[in-house]
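J.: Start from the sequences, fold in the hints, and give me the full structure.
Residue-level listing of the chains:
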Amino acid sequence: DTEVTQTPKHLVMGMTNKKSLKCEQHMGHRAMYWYKQKAKKPPELMFVYSYEKLSINESVPSRFSPECPNSSLLNLHLHALQPEDSALYLCASSHGTVNSDTQYFGPGTRLTVL
Amino acid sequence: EDKVVQSPLSLVVHEGDTVTLNCSYEVTNFRSLLWYKQEKKAPTFLFMLTSSGIEKKSGRLSSILDKKELFSILNITATQTGDSAVYLCAGGYSGNTPLVFGKGTRLSVIA
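Chains as they are written, first to last, in the working numbering: chain A, 1 to 114; chain B, 1 to 111.
The reader is advised that the hints may include incorrect statements.
Within a straight-line C-alpha distance of at most 27 Å, the following computed BS3-like cross-link-like pairs (lysine-lysine) qualify [as the list claims (entries may be wrong)]:
no. : chain 1 : residue 1 : chain 2 : residue 2
1   : B       : 41        : A       : 19
2   : B       : 37        : A       : 40
3   : B       : 40        : A       : 22
4   : B       : 41        : A       : 22
5   : B       : 3         : A       : 36
6   : B       : 40        : A       : 9
7   : A       : 36        : B       : 37
8   : A       : 41        : B       : 41
9   : A       : 38        : B       : 67
10  : B       : 40        : B       : 103
Simulated from the structure, these hints should not be mistaken for laboratory data.
T.: Structural data, given as structure tokens:
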């Protein structure tokens, strides 16, 4: 099973809302990632969790708050977002540590901020 | 300066053509090079290359790494309209460094 699942598939929220994106994998992977992807651009790394600990935060604004409740789950809590945060949010996982392992991506959540 | 550079950025070919996509990378702490295909949604994994000169093949797609000249190519033979996608190349580096993606090559295959 090489599947990473993400919910919801689509999300529309206002700038005052609080919402969460969820990601799950059951491959026993110990590194999990959040990426943001704007149209016609490559994915941009936001956060990396390695063995359930935040190991990389790529200077992401505090209105994005990641959480890794256990080794299979990764959440991204959203609060007071801006319209420019509208994008495809991708979750990925890899077997071991962050360096060069194949990352398997989930289908993404398409977020629209009004 | 970008660590991973792809070329061309976009390409239009006819069905049946063979295409070669290029990816050059920075050598410092390099461990592996990965290719992904992205259609409308998330990237899907194609190949991971770590050794120079060994071709990896999957159907009509193949890829090879040249660690002397610091590049990789992705070949697609007998292209089909379903091959239309953005092809992403990513460099894997040692240390606490995640994958570094290139900007991608947008391939359009027309009937």
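J.: Between residue 40 of chain B and residue 103 of chain B, does the CA-CA distance stay at or below 27 Å?
T.: holds (16 Å)
J.: Within a Cα-Cα threshold of 27 Å, do residue 41 of chain B and residue 19 of chain A meet the stated pairing?
T.: holds (21 Å)
J.: Can the restraint linking residue 38 of chain A and residue 67 of chain B be considered satisfied, given a maximum Cα separation of 27 Å?
T.: violated (31 Å)
J.: Hint check: residue 3 of chain B vs residue 36 of chain A, CA-CA at most 27 Å. Holds or violated?
T.: At roughly 19 Å apart (the allowed maximum being 27 Å), residue 36 of chain A and residue 3 of chain B satisfy the hint.
J.: So if I understand the rule, the pair passes when the alpha-carbon distance is 27 Å or less; does residue 41 of chain A with residue 41 of chain B pass?
T.: The given pair, whose Cα atoms are some 13 Å apart, holds under the 27 Å limit.
J.: Within 27 Å, alpha carbon to alpha carbon, are residue 40 of chain B and residue 22 of chain A?
T.: holds (20 Å)
J.: Mind checking the alpha carbons of residue 36 of chain A and residue 37 of chain B for me, to see if they're no more than 27 Å apart?
T.: holds (17 Å)
J.: For the pair supplied as a hint, residue 40 of chain B and residue 9 of chain A, is the alpha-carbon distance within the 27 Å limit?
T.: holds (13 Å)
J.: Between residue 37 of chain B and residue 40 of chain A, does the CA-CA distance stay at or below 27 Å?
T.: holds (13 Å)
J.: What's the verdict on residue 41 of chain B and residue 22 of chain A, does the C-alpha distance respect the 27 Å limit or exceed it?
T.: With a Cα-Cα distance of about 16 Å, the restraint between residue 41 of chain B and residue 22 of chain A holds, given a limit of 27 Å.
Comparing the model with each earlier hint shows a violation of hint 9 alone; every other hint is respected.
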